[in-house]
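Please assemble the complex out of the two chains, which come individually in their own frames, going by the hints.
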Amino acid sequence: MQFRNRGKPEKQNPRINEETISLTNLREGERGVITHAFGGFGLVRRLAEMGLTPGVEVKLLRKGPFRGPMQVEVRGVALALGYGIASKVFVRPLKAESNG
Amino acid sequence: MAKKLRIALAGNANVGKSAIFNQLTGLNQIVGNWPGKTVERAEGTLHFKGYTIRVIDLPGIYSLSTFSMEEIVSRDYIAIEKPDIIINVIDASALERNLYFTLQLLELEAPIVIDLNQVDFAAKKGIRIDGEKLSKALGVPVNPTVAITGSGINELLSTVIALIKGERKLKPLKVKYGKEIEKRVQAIEKLVSTKLPQLCAVYPARWTAIKLLERDTNVAGKLKSYENGKEVLYYAEKLASELEKIHGETSPVIIASERYGLATKIAKTVTIIETPPKISLEQKLDALTTHKILGYPILAVTLASMFTLIFVGGNFISMSLDYVFGIFTTYVESILSSLLPEIAVSLISRGILSGIVAGITVALPYIVPFYVLLALLEDSGYLPRVAFLMDNLMHKIGLHGKAFIPLILGYGCSVPACIGCRIMETERERFLSAFVVVLIPCAARTVVILGLVGRFVGLHAALALYAFDLILIFILGRIAFKVLPGEPVGLIMEMPSYKKPSARNITLKTWSRTRDFVFIAFPIIIAGSVAIEALSLFGLMNYIIEAASPLMSGWLGLPSVAGIPLIFGVLRKELTLILLSELTPLRSLSNIQMIVFALVTMIYIPCLATIAACMREFGWKKALAMAVIDIALAFFLGGIAYRLLSLVMST
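Sequence lines, in order, name chains A and B.
Counting from 1, one number per residue, gives the positions in the first sequence under the working numbering.
Counting from 1001, one number per residue, gives the positions in the second sequence under the working numbering.
Only chain B is shown next, with the shape it has when bound in the complex (with noise of 0.2 angstroms):
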């Protein structure tokens, strides 16, 4: 049988960790959440050398400090998962800022191995680092990798073995601080040992201490379950105050100021500059995508071409595929009617089988080509520049640039969009950006209002209408902004070199992503499409219709029937207009009567595939507050613009 291993994949954002995990398992790869967190968990399977080895890839971060749920997710599954071996990968051309996160792991006790990546960038920047001097400073095996091609990823595997054999024995660096912290540590660390035993079983005593020592509000939270926690915690605090009064600093910039320390001395005696930096088209590139001036048209050409690109290709390939699955469906429900009372068929035709095509119409088409271009300028590193661009502007309504992202995925479909939210650092931030994302028009609505303002009111009627809805948004965020209570939180990102983007690294992220789009908006689709075609069997829809009557009509101003196609838009939005050019001829509508529409289409509620990928992010309760809020909104501005244009219009 297999010998069975754990390892983690730790290490900061933008050094290559995805590319490595993507060389280790391949397509063997579950991407999910941590359990209770809104947290991405990837993980695979690889074999190796007769070892079932399971990789999991922790999320990127810069500390294991407790600022985001990431870190603290991080830290939690290193101390109390305990894998076999925790594989640290780091950037060689960033050497200092990543022994930083490497010194902490340390502290942690963790039994590492370095996986020193992107030499090949380093070096072409002129820094070579001298491996073998790098592992003798910490005591850890240290093997470069070039994520991209695969090179040295056996090596590093057969490193991992050898230490599991017991082969290559680890003599991990103890990290030391300045007298007046290390006294300090020390004292705390006495008391934890004898205070605290059942914690010390979980967490090392030393790494509690330094922790205490920091004003880590985490690790004083679990002090506190223990009975001698109260008396361990008074002390930590009482000497952390002694160091804050001696170094007139916070006692965790004191800290962190000495680990840095520590990184950089490491960090000089083992890097070799070889030649001089000269400008590269890197960064060529960058001082012009950030430019005052010039970085704005690059980025609205760059944003254009690729919806442009998503939206001809897209709807092409939508309309054949509509045409494909037409055929399919009448050809499977001739078949059926003829085993199956009627009510049966309807309800797996029109319910199950529309929910399936409906959902493959609109993935495929779009989100797959919208995929792709995402992650074609994630891994490039365009999308900090345009968090960069964009701070300013996102200040207003009281997020920051690095929101500005989800916005634009927002265009495409607001599922990756609601789950792109993940990238700002608080909850706070995480529903602010959400609330506002699931109001950009993605690519269903866009259908809506071109398809009928567009076509028949006239386009700049349809611009308006996009307008008006940047305005709202920027109303609603400030609103949000002010209501929800926290603190705003500034940006501080980094922004790493431009890369060549990497085939493989497209596939695997388009496919996983499209795999996770699928599991969350596929069984809502269908589930509600079943309902609703439940409804209408069973004669209920003319009473939601009559019911709704005075809204549809006296209050919007639109003919009665379409309330049909709102109910229907839940699923998909494009549907509304389909279903509206089936129940009244389109040109029988008013101007007025097309832009009210379009306009309650666009805001009214986010389809079910968005509710169910924002209940998985916040919960129903946000989810269903979101919902209502964006009905509400919708009827009322829909009705102030029915009576507004008419009053415009007559005149």
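Chain A extracted, bound-state conformation (with noise of 0.2 angstroms):
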């Protein structure tokens, strides 16, 4: 799948709404809308069995240690991500609405 940015090209904070950023620059707590995936077809094909499809809300709910793997919910269900997979996973973060 190739890479596709969706922001605009204003260069502004990266944490603003129209950029995309991996999920693993989401913090802990963080909510975030998933844009894209990019990796193998394999690869891309179980995050979208698993829930993590284009448009889907998560909420990165833990890291874990020593650039670990990254704990999501998403569609209500908790997953953990190994930190390689998490970062070819992109999202738009969501204004923290401070929860978590």
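Honestly, I wouldn't trust all of these hints.
[Stated by the list, open to error] Facing chain B, according to a computed beta carbon distance under 10 angstroms, are these residues of chain A, among others:
| id | residue |
| --- | --- |
| 1 | HIS36 |
| 2 | PHE41 |
| 3 | LEU43 |
| 4 | ARG45 |
| 5 | ARG46 |
| 6 | GLY51 |
| 7 | GLN71 |
| 8 | ALA80 |
| 9 | GLY84 |
[Stated by the list, open to error] Footprint (simulated), chain A over chain B, 3 or more residues, beta carbon under 8 angstroms:
| id | segment |
| --- | --- |
| 10 | 1062 to 1075 |
| 11 | 1093 to 1103 |
| 12 | 1251 to 1257 |
| 13 | 1381 to 1392 |
| 14 | 1486 to 1495 |
These are calculated hints, taken from the structure and not from any lab test.
Just so you know, even glycine gets a beta-carbon here, dropped at the ideal spot from N, CA and C.
Structure follows, in structure tokens:
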């Protein structure tokens, strides 16, 4: 799957809504909407089957120690994603309504 | 005569499916493998309202694609064997994700009944599901259950019978896609049903069309054996590419998104959120056990107490059993010797009998408590947390967090650890994990390390051996990871909520696993025991010792009789220590000899039962390769250690 920049070209604070960032760059407790994932055919399909499809909202619950896995909540389920996989999933961060 | 029925349980992992299976079948279950596959197959029977019902528990999966062997096995079973009814067990607290799977069952045009499980747990989270509405939306019956208590099980079975008798009818929802997809699905479906009538007798045409549009390699492969297959395949690929051009995603992602869209819509209309979820005890426990810092001491304490319990308790039981069986064996021997010639007596008592005794004294004291504790950890939901904590470290040897679980099992016994490697997703991952797992010192090897090195040389030396073993595993794991072809798979794992384990489930799990262990390990231990006894009876043992002498004394610096315990150790590793002490006073050995002996015992070969388990999992070639590598490695390292230690200790 090709990389597509959904953001506007203006240079702004990277945490502003229009930009997409990697899931690993979300902070604990923050939410984002998945824009795309890149990686092999199989991986992207697997992520979609586990509910991580483009357009779905995720919440980063917890980051594992030492560049460990990310625990995210998607569709009411908690999933652990290895760091390598999580870094290939891109989200558009939602404005924090701080909870969590 | 009782009427016969065949039903299958299908659903996601962690939805309480096996608890439902246990409620349905109790002790009447057989656990085995799917023919030719290393996928567990559990089957049981029950009687209900004059019907004899065979229940097959399909593996817990999230999709019916071709990601894993489990998924292919499940969908082929449903499509080809066509069970009378499929009970789709779904988790009321995670409806959306579960419905994604349900929709795929509907696409496969399977006759399903929904078992809305864990309704109690969902209620705790403040989620209530309107079963009536869900039933209407899907066009199939929905029965709420609580698997742990068994509530709702009878109603579930009654529903199944009502469907069979035709008192209730299914009006299953037809899964429709958006215009762009639907148009193409229908076009392919039309072509499939006209060009491939034989295939349509097994798989529904529409399902085949959807799978082709999803670029499903397994279905594509099936098509190739038909005359018109290529033509259909070419057409489907063209349409898939068109679709991808429109959406800018790969077609499986587009279709999965749509399916999820429908699942979300249904879930929203039937879910009633009652109380805003407050932070529960389970969530606190979750936060604590996956904590960046605190998670690790908790893990260490959990594992340490588990193994202390097994070793202290197990050792006591094992010794008592050994004593009892010792008396029993002598008694049998004395009876037999009056009836049979001497050779036959030796073969029976030292071959068959001591094989059985060896099996029992390992299985009962160590394996059973180990399985109980393991089931406890599994059912409570702690293991995924362990995998979460260890993921990063396991990546260093090309595996991911889940592989840490068979690794822990390895400290108990290599047999369940090898079988435990099934939790890994791909064949490559499974083999890689098994390769490192057999190098972990199991309970029997720990007996040797502690009983010889720990006792005579000192605990620091024993611990050094353990540390060395871990380093070795790390290095070998890395090498194997580089050498074995294929791509490493990252971690994508559900983290189920913590749950209170049920005594019934733990008992049943322990029972079926112990039985499985006995079936794998006992025949091979007994056969091996007889073979070795025959070798020594016919005087062949001396030749072997003589032949091995340059290796034993020349290379390893051990007394040449040490060859005998090492041969017997193939049966059961703690035998090496017992036999060594019978052949030569342990105190007469130097510290270096003890360390070298323990080191070789630790690595040199997985015991026969483990080899048997590996053979079953990976075939004899890989199992043999593993054994040969380990033997070579053990003697190589033993010799090096002998020389290095002599050098270090003399200065």
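Report task. Compare the structure with the hints numbered earlier in the document and write down the numbers of the violated ones, lowest to highest. Result -> none
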